[in-house]
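Novice: Go ahead and model the full structure; you've got the sequences and the hints to work with.
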Amino acid sequence: MKKAFLLIALLMALMSVPAPAAAAKLDPVILKNAVDASVKAEGTRLGEYSLVDQDGVRFNLSEYFDGKKPLVISYIYTSCPVVCPTITAEFKKAVDGAKEAFGDKFNVLTIGFDAANDTPSNLNEYARKFTDSFQGFRFASSDPETMERLLTSVGFFRVKQDDGSFDHIDMVTAVRADGTIYRQVYSLRTQPQNLALRMEELLTGKAGGGGSLTLVDKLKFFCYKYDPYSGKYVLDYPVFVSIFIQALIIGGIFYAVWGRRIMARLRKKKEGPG
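In terms of the numbering used here, the sequence shown opens at residue 11 and continues consecutively.
Simulated from the structure, these hints should not be mistaken for lab results. Accuracy of the hints is not assured; some may be wrong.
[Stated by the list, open to error] Below are the BS3-like pairs computed for lysine-lysine, each with C-alpha atoms no more than 30 Å apart in a straight line:
1) K139 x K216
2) K103 x K42
3) K115 x K170
[To be verified] For each label pair, taking beta carbons as the anchor points, the in silico distance ranges come out as:
4) N204 x K50: 17 to 23 Å
5) A274 x L207: 48 to 54 Å
6) K170 x F140: 23 to 29 Å
7) A126 x G215: 38 to 44 Å
Predicted, not measured: the structure shown is a model, and the values here were computed from it. Yeah, the Cβ is synthetic: ideal placement off N, Cα and C, and Gly gets one too.
Specialist: This is how it looks when you write it as structure tokens:
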């Protein structure tokens, strides 16, 4: 048992050693908790949040929840150089596909979550790269306090870095016509078809199963970064190296504490009585 305590202490020490910057930003435990928080928001009802759209028009989020049309919400920040524009482009494709199939039966809102910089003019400039019409496809932001409350209520994870950029979850929120969050949709950059499926469920009333998420699933929502050399999204390997090292340490502890005992029992069982 003394050896077990020493090994556990070693594990805790190793896990407390600062990781490389890329891995530290995407700590597996933080990411798992972030996705868990977003899933927990499903089934909750959104409240009153005063927003300002790309034309400077103030409105309340609850105006969408009159029981007539569901709402799909995406999240970006306007100064994002690559990832957010990619998310919005995929989001627009999914929205256009749903409109072809179902017409004008749903509303679309993109939230600029960087309250300090996502002004109406910046939102307007950003939005016009993707659409010429804001009818049913609105972009909006708000003051920092309101934005904090709204993002917490929907379970949207983001962390601001020293250079002003954000690490954030790639997520879209599908909301029922009464304001209840139906489903979170993840990995729009790599799995845009999932949004089309959730939208179809909302618009047809044929709800599908959300399915359970594994730890690997949850990490995949964050662990893709843009590689400017290949022009593709690639795995952020430091994250998986960190996970692999921690798994090796835990496996080593398990074997040291229980492995020999288990192996001895298996040998004895194989040899049989005698």
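Novice: Now tell me, hint by hint, if it's right for this structure.
Specialist: Going down the list of hints, with the structure as the test:
1. In summary, the hint linking K139 to K216 is not supported, as the alpha carbons are separated by about 34 Å, beyond the 30 Å threshold.
2. As the CA atoms of K103 and K42 are separated by approximately 28 Å, the hinted pair is consistent with the 30 Å bound.
3. Annotation: proposed proximity of K115 to K170 is violated, straight-line Cα distance about 35 Å (limit 30 Å).
4. The given range of 17 to 23 Å is respected by N204 and K50, whose C-beta atoms sit roughly 19 Å from each other.
5. Roughly 51 Å separates the CB atoms of A274 and L207, a value that falls within the hinted 48 to 54 Å.
6. At roughly 24 Å, the beta-carbon separation of K170 and F140 lies within the given 23 to 29 Å, and the hint holds.
7. Checked against the hint of 38 to 44 Å, the pair A126 and G215 passes, with Cβ atoms roughly 40 Å apart.
When each numbered hint is compared with the structure, violations occur for hints 1 and 3.
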